[in-house]
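Asker: Listed below are the residues making up each chain.
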Amino acid sequence: MSLVQKGRWITLVALVCLAAVYVRALAFTPVERLQGPAQKIFYLHVPAALWTEAAMVLVGLAGIFYLFLKDPRLDRFAEASAEVGTVFATIVLTTGPIWGKPIWGTWWTWDARLTSTLFLFFLYVGYLLVRGAVRDPGLRARYAAVLGICGLCLVPFIHLSVFLFRTLHPQPIILKPSAPSLPNSMLATWLFSLVAFTLLYVGFVTQRYALSLARAAQEDRSSDAGHA
Amino acid sequence: MPDVPQNAGYMMAAYIVTAVILLGYAVSLYRRTSKP
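Residue numbers (my numbering), protein chains in the order written: chain A, 1 to 228; chain B, 229 to 264.
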């Protein structure tokens, strides 16, 4: 089985899991009394946010190792992770305001968590634009690695921003030193969703990595033809 | 005890938007990786 086919199968399993998450979240998970049904946006928003941050951490780490090892596989992985991270960041930045409107009474506020997450999204877009703009593969990988390392430095700030500043954004209710502050039925739905998003990340990155591999082979063939 | 807020429309909007983004990207990847 080729890498693309593996990626497709993982993505298919992930999408089936996500469909099951939808059914469980919408039909079998209790409605929170104070926030109402809008609270259920949490089951999509938070796993997507975690993988938006994790994807950038992996882009940054791949960038650091690339600068030392010059292994093109690291650069290809970083490219794939950045594209998937951009997709997840888009989900975070659309579901967040949809939750904010009924709960806060506003779509957007320029507080530390929201603004830094928007900045991360722009960093992702900038990363992809730089990759598209630089033709030399070595130079492209170096510039991209530096941007990825900038993103890696931003992620802890985003995660800790709710502790460092006065923000409207809720404090963590799962990823915190003490026990999660939600009932087991809601926690199970959230964990199930996290598994689905994790599989989506793996499936998407595997396919995107295979695509980069195919493009690199094509670039090599065209440059060989140019030299001949 | 306060009434539960009636905001299911926002929930549905968020779930639909997420599905559209993820399915759209999955289709985009499928098409790009299918090209010879």
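What the hints contain is simulated information worked out from the structure, not anything from laboratory work.
Backbone N, C-alpha and C define an ideal beta-carbon position, used for all residues, glycine too.
Honestly, I wouldn't trust all of these hints.
[What the hints assert, rightly or not] Which chain A residues face chain B? A few, computed with CB under 8 Å, are given here:
id, residue
1, M1
2, V4
3, T95
4, L200
5, Q207
[Stated by the list, open to error] In silico SDA-like links for lysine to any residue, alpha-carbon gap of 25 Å or less:
id, chain 1, residue 1, chain 2, residue 2
6, B, K263, A, K70
7, B, K263, A, F119
8, A, K176, A, F119
9, A, K70, A, K176
10, B, K263, A, K176
11, B, K263, A, T115
12, A, K101, A, V162
Asker: Find the hints from earlier in the document that the structure breaks and name them by number, from lowest to highest.
Answerer: Violated hints: 1, 6, 7, 9, 10, 11; rest satisfied.
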